[in-house]
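Novice: Sequence:
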Amino acid sequence: MKYTVITGASSGIGYETAKAFAGRGKNLILAARRKDLLEQLRAEILVSCPETDVIIKDTDLSVLKNVHQFYESLKGYPLETWINNAGIGSYISVAEQDLTWTESLLALNINALTILSTLFVHHYKDVEGTQLINVSSCGGYTIVPNAVTYCASKFYVSAFTEGLAQELKAAHCKMKAKVLAPAATETGFGKTANHVSEYDYNKRFPVYHTSRQMAEFLLKLYDSDKTVGIVDREAFEFQLAEPCLPYAGNSAFNQK
572 MKYTVITGAS SGIGYETAKA FAGRGKNLIL AARRKDLLEQ LRAEILVSCP ETDVIIKDTD
632 LSVLKNVHQF YESLKGYPLE TWINNAGIGS YISVAEQDLT WTESLLALNI NALTILSTLF
692 VHHYKDVEGT QLINVSSCGG YTIVPNAVTY CASKFYVSAF TEGLAQELKA AHCKMKAKVL
752 APAATETGFG KTANHVSEYD YNKRFPVYHT SRQMAEFLLK LYDSDKTVGI VDREAFEFQL
812 AEPCLPYAGN SAFNQK
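Read left to right, the sequence shown gives residues 572 to 827 (the working numbering).
Straight-line Cα separation of at most 16 Å, EDC-like style, residue types lysine to aspartate or glutamate; simulated pairs:
#1 K590 with D624
#2 K628 with E610
#3 K573 with D624
#4 K696 with E651
#5 K745 with E651
#6 K745 with E699
#7 K573 with E622
#8 K597 with E651
#9 K797 with E738
#10 K573 with E651
#11 K696 with E738
#12 K597 with D794
#13 K747 with D697
#14 K745 with D796
#15 K597 with E622
#16 K747 with E699
#17 K797 with E813
#18 K628 with D607
#19 K747 with D796
#20 K597 with D624
#21 K606 with D629
Source of the hints: derived by calculation from the structure; they are not laboratory data.
Produce the complete structure using the sequences and hints provided.
Specialist: Below, the structure is given as structure tokens:
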């Protein structure tokens, strides 16, 4: 009765990932703000996977106290995989960005992800078969115009997760930490990040992936021994890779 936790599960990549893991026979704990969409997802999963236990938690993880309360609420469930998928973006110049939105972006993309990752590592780093998968972006490896703050937050996710993967490996822990880095993906992200009521991916991008395709890529990362699953922004192909960012390792210039 081990569980896979997925944040940001009410739509997009999180929604499709939940269905993909249910198809693998995994029990689920799904978190998002919109309870009605979570209930819809649970009902959909139970039609095709009636034996799956699906727990839903409606919470806003951009609020710090909710992050801690959410993790505390899971203490009765043995966990196997944690997927930090919740996040928001903003396509706007730094000079024009709304600071209230920016604070929420940083709180969700960085603070919530770090706290939940850390708590999961504290309790499960030596449990066989455990995985932490943090969803970054190809914008977490390349700065995209008019998305500087968003990209910076995803650079943090990439650096934090790759560094954690190195740390766990050096300490001979059983947990694996991995980072997924999508490119343009058809979700509600485009509408939210551009602060518009309608958003047409066909008009905005010459090519993009669907949420279902990204969920399939996430499963490939989950099944692999690689740390990074990334979409090349030019070739638009999914690649599995070792950590991409420089790591000092056993440098003579490290703190003794």
